[in-house]
Amino acid sequence: MCSAELFLNATCVASSEELKIYKKRSFEAQRQSTQHAAMASAESSGEQASSGPTGTYEVVYIKDNVSVHPSPLANERISGRLKLIKQGQSVFLTWIPYNQSGIADDSGLILSPSEGAPVTPPQAPGRKDKDRNLYTIRAVSLSEIRSIRRHTPTLGWNYIIVVLTTGLAFPPLYFHNGGVKEFLGVLKEHALLVRSAEDANVYLVNDIQDPLQRSLTSLDLPEAVTPVRELEPLEEERVSAQEGPDEGGSALQPLVVSRRGPEGGVLDRLPQKHVDPLRDASIHILTQFSKVTRFVRDATTQLSGQNDRPLARSGMLGLPERAPVPPPVAPAVQRQPSAGLGEALPGRGAGDAGAGSRMEEDKDEPELSSLGAFELVDGLEEESPALVWGRPRPPPLGAEEWATFLDSEGRVSDPAGLRKRVFHGGVEPDMRREVWKFLLGYFPYESTRAERKALQANKAKEYEVLKGQWQSVSEDQAKKFAKFRERKSRVDKDVVRTDRTLPFYAGDDNPNVEALRSILITYSFYNFDLGYCQGMSDLLSPILYVMDDEVDAFWCFAALMERMASNFHRDQNGMHSQLLSLRKLVKLLDPPLDDYFRQVDCLNYFFCFRWILIHFKREFEYDNVLRLWEVLWSRYLSDHFHLYVCVAVLKRHRRKIMDEQMEFDTLLKFINDLSGRIELEGTLRDAEALCRYAGDAGVACMPPAPPPTDETQIEGPEG
Amino acid sequence: MATPGAGGNLQAKLVLLGDMGAGKSSLVLRFVKGQFFDYQESTIGAAFLTQTVAVNDVTVKFEIWDTAGQERYHSLAPMYYRGAAAAIVVYDITNTESFTRAKNWVRELQRQGNPNLVIALAGNKADLASKRKVETEEGQSYADENGLFFIETSAKSAQNVNEVFYEIARKLPKAAPAPQPQGLNLNAQGRTQPKRSCCSTS
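Going down the list, the protein sequences come from chains S and Z.
Each residue of the first sequence is one higher than the one before, starting from 1 at the first, in this note's numbering.
Each residue of the second sequence is one higher than the one before, starting from 1 at the first, in this note's numbering.
Calculated from the structure, these hints are not laboratory results.
Given the structure is predicted, the values throughout are model-derived calculations rather than measurements.
Errors might be hidden in some of the hints.
Partner residues are not named here, just some residues of chain S that face chain Z (Cβ under 10 Å, in silico) [to be verified]:
(1) Pro395
(2) Val496
(3) Leu668
Covered by chain S, per the in silico footprint, the following chain Z stretches (three or more residues, Cβ under 8 Å) [what the hints assert, rightly or not]:
(4) 52 to 60
(5) 64 to 71
(6) 75 to 81
So these bits of chain S aren't anywhere near chain Z, every CB distance computed over 10 Å [what the hints assert, rightly or not]:
(7) Ile85
(8) Arg150
(9) Thr404
(10) Gly410
(11) Glu486
(12) Arg490
(13) Glu514
(14) Asp529
(15) Gly535
(16) Phe568
(17) Pro591
(18) Leu613
(19) Ile614
(20) His642
(21) Met658
(22) Arg677
For glycine and all other residues, C-beta sits at the position ideal for the given N, C-alpha and C.
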């Protein structure tokens, strides 16, 4: 194996057959096309990339026999050439598959989209070439790469997964002759490469957080990654794919590939088992790997056909980055089969979730359910921000955009649109005071500005009356009013220990602590049956902080409690039904984890009690609690989105939980200790993916509407 | 109950019960981490911590369950005290209500029928003597009547905090079932008995 410096020397001719060092040469190139501006902008498509600045480039790394495994057959691989090319200050990564005759058909190809695929009709037209085109990585600037994950299983081939800043990932690139380390070595010469603190196998590329750039990128990316649930192809796409045998033959539409081609479909393989020398245990594993890969490919095919023409044009393969992460290579270890996102919904072929209905047509395919032993999203349990589903979330809703949601009289003209917007991006801190009132239901969406002003005035009066009820209790009266005394004392005990480290609530005689107290006591009179319950101060604190107004905070809190009162019912019915729902969801979305919890007698999910009771208030930094809550309150995907958040967090730690054989005590400690260590944005994206994936099956898990608070739920002996 | 380990080591599940704001979490935090916070946040659900103490030739690893205090969450308590070897029932000496609640907890624990359960009654916030509402004698006599170990503590000043746990540790081996015969130790540090699940009823 050549050492790293060979890769770097443009004049060195490598001795290894895998290595060829190309001399510098000049060429005419389109910067747009190479930089994938096309990906971010629908306007700069590949076709337009025909003229541009002239530059020279230098191949700084080249590696042959780097392959993609598109199918379940271990020997069926698309081999190609991986290169790093330097042009000016930019370095690009390309992977070009060989053509039918085994020639790396890549001379000058990378920088001209029209040459992106072999133009000569190949011997066996159809899937092969479609696949080749599908997987081609034409030219990705290193600035677009967020991370590279290295996988070096003890059995099977080493491979890497390239994850883009957009959150997309390429399918695994297998280094059949080794060399991952060398590749990373070369990369290090041209980019800032830092190992992720969370996962030593993840190398963050140029991890110079540029929020503006990132958010811009994400804005331009229309639903680039859709969770598998949404990957069912549109009807017309199925039809068109069936009609046109040459679909996908063009480099311009490389992704429009149907699994059903005209002659029984693209799944018709030409097995070449005799060719492949590998006949060891790793074959089986790789077979499983490539099933995953194929699933991803299929999903992507449909995805791109459905959503994202610019992606297709640029030849970019957009994949849910979680998806290609292959299973653990430890078949001998007695391990519970682990589940990921793509894994079986009941009655559904694992790994084929996006194309479940077409399963029966894959007669030549082995039972995909065998994939049940593996997970598509092995990385979910890791706290790596680079390894989450979906695209980066857009920036929060700001004042200008908020104005566009209001009509001339101040009505929210498109509540659903607003809720969707908040769900995806949250709200800017300055705007929360206003937007939260709608989200919580204090302000009706259909109200005009004038109506809201009147409403607030009325509510202010009403609050004063309610507050007066307990404030007017005299000392003498209080002596004969045990329930009042107890209630007040409970509130007193909790408000002085609620978020006191926060400047807003810090210090002696803080008026905000007093406001917290007043609101809670008033609420316990307003909703006398429910009273005050521990956890309420946690729910009120952020609301008061945002509203910075006692009256508004009270009514927002009261509105929130309309939704959450059952959490505080004496018989815990609200909590029990949510914990039960969580259990069902985990069973749906991660059967092995459910199985594990069953084994250790933890199916009551009480270790998640705090998460659910106060909606993760204790689990995140304060600012992130605000963000999480507005997302939950948007009730866009689900009224019970917090349960999907629970699953997302559990999934991120599933491996640790099972590997360390946590039981109820250690599990509870582990869960409690996650406080302050959960990455929010990635968790939200995971939760969204899970929610979309679960679909109706998830809805069926949800708790019934909570019963109203009645006298059976009042405080009982305590007051 | 306490689970004998090898080499004279014990594991003991211990649960803290008591009214909200009595200082359960503060006692545990003082004992386990030596910390104290004036504004220790309320416990939602439950917390689990461990701490090991050595008494004579025996080490006792406490598996401590710290529970939410409010009566509203009472229905969850059995899950945490079931199978416990010891309980510390905590009240706040400046709050008579909390003493009443403590007595209720003691009754409930006695009813649930583990005769070997070691119960300590801790009158916490002893540093607030000027605000005292429950006299030491009250606590002591109630404890005597009910066969409890009584002590007044202050998580804030650390007064008697370790003592509660050490005294429980001293009482535990007697309460434990058949002591582990010497000479059968398979593993000096490890557990020789399978770990019980949280919900075992032994």
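Now the hints, each set against the structure:
1. Pro395: violated, 32 Å
2. Val496: holds, 6 Å
3. Leu668: holds, 5 Å
4. 52 to 60: violated (count 0)
5. 64 to 71: Three-residue rule met by the segment 64 to 71 of chain Z, so holds; n is 5.
6. 75 to 81: With 3 residues in contact (Cβ-Cβ under 8 Å with chain S), the coverage given for the segment 75 to 81 of chain Z holds.
7. Ile85: It holds; Ile85 (chain S) is separated from chain Z by about 55 Å at its closest Cβ, greater than 10 Å.
8. Arg150: Its Cβ never comes within 10 Å of chain Z, the nearest being 36 Å, so this holds.
9. Thr404: holds, 39 Å
10. Gly410: holds, 39 Å
11. Glu486: Answer for Glu486 (chain S): violated, closest chain Z Cβ roughly 7 Å.
12. Arg490: Arg490 (chain S) is in fact no farther than 10 Å from some Cβ atom of chain Z, at 7 Å.
13. Glu514: holds, 15 Å
14. Asp529: Per Cβ check, Asp529 (chain S) is outside 10 Å of chain Z; nearest 12 Å; holds.
15. Gly535: Violated: least Cβ distance 6 Å, not greater than 10 Å.
16. Phe568: violated, 7 Å
17. Pro591: holds, 21 Å
18. Leu613: Label violated. Min Cβ-Cβ 6 Å, cutoff 10 Å.
19. Ile614: Check fails; 6 Å does not lie beyond 10 Å.
20. His642: Nearest chain Z Cβ is 15 Å from His642 (chain S), so the label holds.
21. Met658: holds, 16 Å
22. Arg677: holds, 16 Å
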